[in-house]
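Enquirer: Sequence:
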Amino acid sequence: MPPEENSELIPTSTETLLAFFKALADTNRLRIIGLLAGGSYTVDELATELGLGASTTSHHLKRLWEVGLVAAIPRGYYRYYELREDSLKDMATRLLGSDELTLLADRTGAHPSTDPKTLQYKVMRAFTDGAGRITAFPVQAKKHKALMEYVATAFEHGTRYTEQQVNTILERFNEDVAYMRRSLVDLGFMDREGGGGLYWLV
Numbered sequence: 417m418p419p420e421e422n423s424e425l426i427p428t429s430t431e432t433l434l435a436f437f438k439a440l441a442d443t444n445r446l447r448i449i450g451l452l453a454g455g456s457y458t459v460d461e462l463a464t465e466l467g468l469g470a471s472t473t474s475h476h477l478k479r480l481w482e483v484g485l486v487a488a489i490p491r492g493y494y495r496y497y498e499l500r501e502d503s504l505k506d507m508a509t510r511l512l513g514s515d516e517l518t519l520l521a522d523r524t525g526a527h528p529s530t531d532p533k534t535l536q537y538k539v540m541r542a543f544t545d546g547a548g549r550i551t552a553f554p555v556q557a558k559k560h561k562a563l564m565e566y567v568a569t570a571f572e573h574g575t576r577y578t579e580q581q582v583n584t585i586l587e588r589f590n591e592d593v594a595y596m597r598r599s600l601v602d603l604g605f606m607d608r609e610g611g612g613g614l615y616w617l618v
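Residues 417 to 618 (this note's numbering) make up the sequence shown, in order.
These are calculated hints, taken from the structure and not from any lab test.
One or more hints might be untrue.
[Claimed, not checked] Pair by pair, the computed Cβ-Cβ distance ranges are:
1) Thr551 <-> Arg447: 24 to 30 Å
2) Phe437 <-> Glu587: 20 to 26 Å
3) Thr578 <-> Phe437: 40 to 46 Å
4) Tyr493 <-> Glu609: 34 to 40 Å
5) Gly467 <-> Val555: 36 to 42 Å
6) Glu609 <-> Asn444: 45 to 51 Å
Where a beta carbon is used, it is the ideal one built from N, C-alpha and C, also for glycine.
Sequences and hints are given; from them, build the entire structure.
Expert: Structure below.
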């Protein structure tokens, strides 16, 4: 899912530490991590294993996805959730490193509401679902830009994409691929050749 790149969007800050540990501070979410450590599951399969409703299970998955611990992989008509072990290890290293822990004592930084990365994190929570799909596009320009920055992480630098390839990737986020494609170019995240040519990250 698109969430594959999610961990790069979460700011390393006190707020990040709190979000990470809050996500793990729930018995059912820990059970989900344990189940996913053994393989991939759909929401319904996890709900059955947990003895919970599908909506409750989706809520728990969203909390885990928000901190980059799970990814959703489309397979046919279903989405399978997988544990991002690399993200778990990376996040543990970053968050528990001595350099990061010393930041907890720093009270001179910008207020979270003015921190661009924190804005992006809040936009992600408000405008995407547990599978990383966009549920609505924000009207406010800076929020829209933050959302498109998230979409841009699905592409790789140094790779040139045909319009069809771009559309296929964008379909993972929302069905309005033309709008997202234009936004990525207009906001300067991607460039393209004239006449519907190749696209690439800038």
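Enquirer: For each hint, tell me whether it holds in the structure or not.
Expert: Evaluation of the provided hints:
1. At roughly 26 Å, the beta carbons of Thr551 and Arg447 sit within the given window of 24 to 30 Å.
2. The hinted range of 20 to 26 Å is not satisfied by Phe437 and Glu587, whose Cβ atoms lie roughly 34 Å apart.
3. Distance hint check for Thr578 and Phe437: the Cβ-Cβ separation is about 43 Å, which falls inside the suggested range of 40 to 46 Å.
4. For Tyr493 and Glu609, the hinted distance range of 34 to 40 Å is satisfied, since their beta carbons lie about 35 Å from each other.
5. Taking 36 to 42 Å as the suggested C-beta distance range, the pair Gly467 and Val555 conforms, at roughly 40 Å.
6. For Glu609 and Asn444, the Cβ-Cβ distance of about 49 Å falls inside the hinted range of 45 to 51 Å, so the restraint holds.
Of the numbered hints given earlier, the model fails hint 2 alone.
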